[in-house]
Each structure stands twice: as C-alpha cells, then as structure tokens.
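Got two chains here, separate frames each, mind docking them using the hints?
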Amino acid sequence: MSTYTVYVTIENKPGINDPEGETILNDLVLKGNYSSVTKIRSAKMLKFTIKEKDIKSAEKKVRQICDELRIYNPMVSQITVDIF
Amino acid sequence: MKVGVIVFPGSNCDRDMYHVLTDVFKVDTQYFWHEKKLPSNLDAIILPGGFSYGDRLRAGVIAAHSPVIADVKRLAGRGMPVLGVCNGFQILVEAGLLPGVLLKNTSLSFMCKWTHLVVENIKTPFTNKLKLGQKIPIPIANGEGRYYADEQTLAELKKNNQIVFMYGEEINGSTMRIAGVCNKEGNVVGMMPHPERAVEPQINPIDCKPASLIFESLFNTIGVTN
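Protein chains in written order, with this note's numbering: chain E, 1 to 84; chain C, 1001 to 1226.
Chain C with its partners taken away, still in its complex shape (with noise of 0.2 Å):
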C-alpha cells in the first residue's frame, strides 16, 4: 500500500507530510513530481501545503492545470481517497474537484496560529475514526483561505453532507466557517489547516490524538495497519 505526495514548484510542505506519514505512521510514501504520471497501484493521494507558482494569478490556479491533475481526477473518480491541505486544497477547488472558492482573508494578513476545528462528517476517508462535534487542536497557515461559497453551492454541500471541517471560532471570515469540504462521493477533501503539523507532541501544545485521526482515518480506510 502506497500514498502518494505530489509535488508542485513552491510546494513546501511536501516534506512535512511525507516526514509524518513515513516516521510517525510508518507508511509506504512516494513523493510525485506535477510533470509525472500517477501509477494506479497508488492507496491514496495527498496534495500539500505551500505557494505553488508562487500563488501568481490565484492561489492555486496555475498547479490546478498541471499535467499531474488528469490523473489526480482520473483516480479520484475511482473512489481513490484524495486529501488537499492548504494549497493542496486550493487547488483542488480550483482544478473543480471541490466546490467553492478560496478568497483573502478578511483580514488582508498571511496568518499562522492554532485553533481548533469541529468534526462536522465522519463518512469520509479521512474522518471516519472521529466523532461528530469532536475537537481537533490545529494551526493555519494561509493568506487566501477564506472559504466562499454561493447561495446555491452551500445549499447544495449542506444537501450532501459535504462540509466536513468547521472552525471552532470566527476566523477568517469563511462563509458559515466552513474549513474543509468533500465531494459529493466523500473521496476527496480539502482542508485550510494543517493536520501534518499537529500529530506530534513536540509540536503541538494542546493534543496530538485528534489530528493523528485524521491519517489513521485514511489507513483504516485503505487497510494499513501500524
């Protein structure tokens, strides 16, 4: 079983989170670069954190047209499990595998600060082994990462269960606080903050359990176990 990090140019969390899936989980990794081609015998895919392009026109929107991309959707519509955090789910949104849009913060600043999220579906691959309501202690790192939604498009994620993550206080203007979001299937979810920094005690000063669920979610999904 294999999970596979891609790599965009200005990518700079790709080591973070191939650090935490091979030395804290223990969990065969392999890093893509955005001109390769993805094998089908991946388990999952996980698009970092980062500037991708330097976040030149949008964050996001330059990466969404990498070659890489086609294979992204390609086994994400085979029900692969597909996780974008940060950038990564910048991304996603803009490559339309996510609905929505990720705008600058109201606060016009880049900000670096934990807070905390809720736990709003445990149906995804990436959720299943935490309760609803649950609390996950987590920092953010971002400058565009206000999330937007029309009336429509929140009308509709609310339809499917499609809003997974929301943040436990108002932060940064996102519409209905809304944090991380899934496909309709539940196969592919974005976040803004950053569970790679928050499964290690060293790093993180409140409890590391919540975010590690997030990775033994994925696992118990795709049948590893540490």
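Okay, chain E solo, but in the shape it has when bound (with noise of 0.2 Å):
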C-alpha cells in the first residue's frame, strides 16, 4: 500500500453561471486593471490522502466515493480529479 494525494476540483458545469466567479472577475481583477483577464471560474478543492495498491486503484475510489455520496451534484457540477 502507498499513499497518493488525490485533489478533486469542483465547478459549476459550463453552462450553469457563477456568480462567485464573475464578481472576482469585474469587481476585483478587472477593476485593478488587470484587462487581459477575460474570464474567472470559482471552483471547491477538496484533498484527499488516501492508502492503495496503486495510483489507479487511489484515483478509482475517490472518484467512486465522490459519485456515491454526492460530493459533488451532477446536475450543476462537474469534478477534475488530480492525483499525485
């Protein structure tokens, strides 16, 4: 058994709007005048630290652990899981 870092990030899907994220955007970045900016997406990180066999089998149970207990909601959000 080794122990691997595994980082799921959530965010709203592409089409659902964040609300967070846009006023990052114009009333922080873009009003300190930083233009070249032209989008923000706000997202929750989780970090997992996790025991298996091997870095598959680490990612295959975070991803099962985020479906099965709704870690994230499928119908507005998305996960990227990141695994080192």
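Do not take every clue at face value.
In silico DSS-like links for lysine-lysine, alpha-carbon gap of 27 Å or less [unchecked claim]:
#	chain 1	residue 1	chain 2	residue 2
1	E	Lys13	C	Lys1158
2	C	Lys1123	C	Lys1002
3	C	Lys1158	C	Lys1184
4	C	Lys1131	C	Lys1158
5	C	Lys1159	E	Lys13
6	C	Lys1209	C	Lys1135
Covered stretches of chain E (in silico footprint by chain C; criterion: 3 or more residues with CB under 8 Å from a CB of chain C, positions within the stretch not fixed) [to be verified]:
#	region
7	18-30
8	65-75
In case anyone wonders, no lab produced these hints; they're calculated from the structure.
Treat the numbers as computed from the prediction; the structure is a model and nothing was measured.
Ideal Cβ positions, reconstructed from N, Cα and C, are used throughout, including at glycine.
See below:
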C-alpha cells in the first residue's frame, strides 16, 4: 500500500453561471486594471490523502466516493481529479 | 395524530416550527434527533430550516446522509406528508426526494426579507386549502436559495404539476422564480421561504392568514380539527 494525494476540483458545469467568479473578475481583477483576464470560474478543491495499492486504485476509489456520496451535484457541477 | 420535527446538528428553525405547531395550532408535535428511528405512527414529517453541518460542502448534502433520512424515504414512499423548509428543502433535494438543486443566490448574499409567493399547485397536503394564484406574504432567509433545474427536469416538473410555489417577484435568480416544488406523487413538498415565521400577527406585518393555510392544509389532510 502507498499513500497518494488526490485533488478533486468541483466546479459548475460550463452552462451554469458562477456569480462568485464573475464578481471576482468584474469587481476585483478588472477594477485592478488586469484587463487581459477574460474569465474567472470559482471552484472548491478537496484534497484526499488515501492509502491504496496503486495510483489507479486511488483515483478509482476517490471517484467512487465523489459519485456515491454526492460530493458534487451532477446536475450543476463537474469534477476533475488530479493525483500525485 | 402527531407531527415529527427532525432536528439535525445545526438546525435552528426547529423550535420556531415546534412553537407554531404546538402553541399556535395546538397539534401534538415531537422532535426527532437525526440519528433516531422514526415511529411509523407519525402523521407528518417536517424538516426545519437552519444550517445543518454548517452548510459544509453544500447546503443539505451531509444531513441528506443522516440515518433518519432512510426512515423519511420509507414513510414518504407510503404517502406520508413531508415538508422541508429552507435547509429542510435543501436536504430533501440532496437526498433525492425532490428534483432540482439549490445554488448560491445570484446576489451572493444571505437574503433575509419579506416577499410573497404565488400558489401554483393546490393538490398537495400543504396547499389544499389555498387557491390557485393566491398570494402568500412570507419571509425568506437563505444564502443558497436559488432553485435550479435543467431543461429536462423543468419539463418534467411542468408536466407533472410539481411546481408548488413561485415568487411573485424576481428575487434570487431561481429558474422560473420557483420557490417550492413537490415530488411526482405530491406528498413531499419543499419550499425556501419560512411559513413558520408568517402565521402570527405579532411578527407578520402584512397578513398571516395565507401562510396559516399551509399548516391548515396539512391538518385538513391528516384529519385534525382545531
């Protein structure tokens, strides 16, 4: 068994608006004169520390947890899983 | 006859609900801690508002995995009236008992204000004494109250007459201004505004009769006369 760190990023699907990201863009970044920024999407990140036999099992287990326990709501959100 | 009010860690409208049921309407009411079993002889279940588990991860999602939810599902499946108010609505949605999802308000703010609802469905156990189109003055108090349903879900809601309440004004960005929905069978209802804060003239500056009819509809359904 090895220990892996799995990062799960939960963000709204592309069609679902993200007022937090819009506010950060419009009221902070653009007002701070960083005009090259065109879009900001907010997200929540969960960092799992997990003991599994290999990297594939670690990713599979975390994805299973996210689906079964509704860590994200599939109607409006999507996840990306990064593992190190 | 007995109404059960479920208490989750972080519920904070459970006492308001209990007070209204017992002191205003004189109905036998009992609290149930979320780890306890629910007796089968209940006549209705109410999930009150609050901030279960501090809204960690997403409002309602952790409470939706509480042991009591299996009993709520079982009793709802038998047709028992179930009402979720505010966080109770969020929990019912996350538990899969009601369709859709509640997102952060467009304003990004916690909103606490009086508004009014328009009644869209009078066939549920909580609306059968109301009239279609009737206005209900009522307060909202939430940060994640923006109801969202994707197109397919919305089509289903319309087809099955599952939209119970709409806001009478644009308030938080909810799809179609939806404020409350029911399941296909109609016995499980969820709503973001707080009827328990609108049935007493001392705290309702407008008219407490319409919100009272939400409770009186329930008593009408389960056979209580006051």
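Point to revise | Agreement of E:Lys13 and C:Lys1158 with the hint, judged by alpha carbon distance not exceeding 27 Å | key: holds, 24 Å
Exercise for review: Can you take a look at whether the region 18-30 of chain E is actually covered by chain C? Rule is 3+ residues, C-beta closer than 8 Å.
Suggested key: holds (count 3)
Exercise for review: Examine the region 65-75 of chain E for residues whose CB is less than 8 Å from any CB of chain C, and state whether their number is three or more.
Suggested key: holds (count 5)
Check your understanding: Does C:Lys1158 lie within 27 Å of C:Lys1131 when you go C-alpha to C-alpha?
Key -> Judged against 27 Å, a Cα distance of about 18 Å means the pair holds.
Review point. CA of C:Lys1209 to CA of C:Lys1135, is that 27 Å or under?
Key: At roughly 10 Å apart (the allowed maximum being 27 Å), C:Lys1135 and C:Lys1209 satisfy the hint.
Practice item. Compare the distance between the alpha carbons of C:Lys1158 and C:Lys1184 with 27 Å, and conclude whether the hinted pair is satisfied. Key: holds, 11 Å
**Study point:** Given pair status - C:Lys1002, C:Lys1123, alpha carbons within 27 Å
**Key:** With Cα atoms ~22 Å apart, C:Lys1123 and C:Lys1002 stay inside 27 Å; holds.
Check your understanding: Hey, C:Lys1159 versus E:Lys13, does the alpha-carbon distance stay inside 27 Å?
Key -> Satisfied, since the Cα-Cα distance of roughly 26 Å is no more than 27 Å.
The structure is consistent with each of the numbered hints, conforming to all of them.
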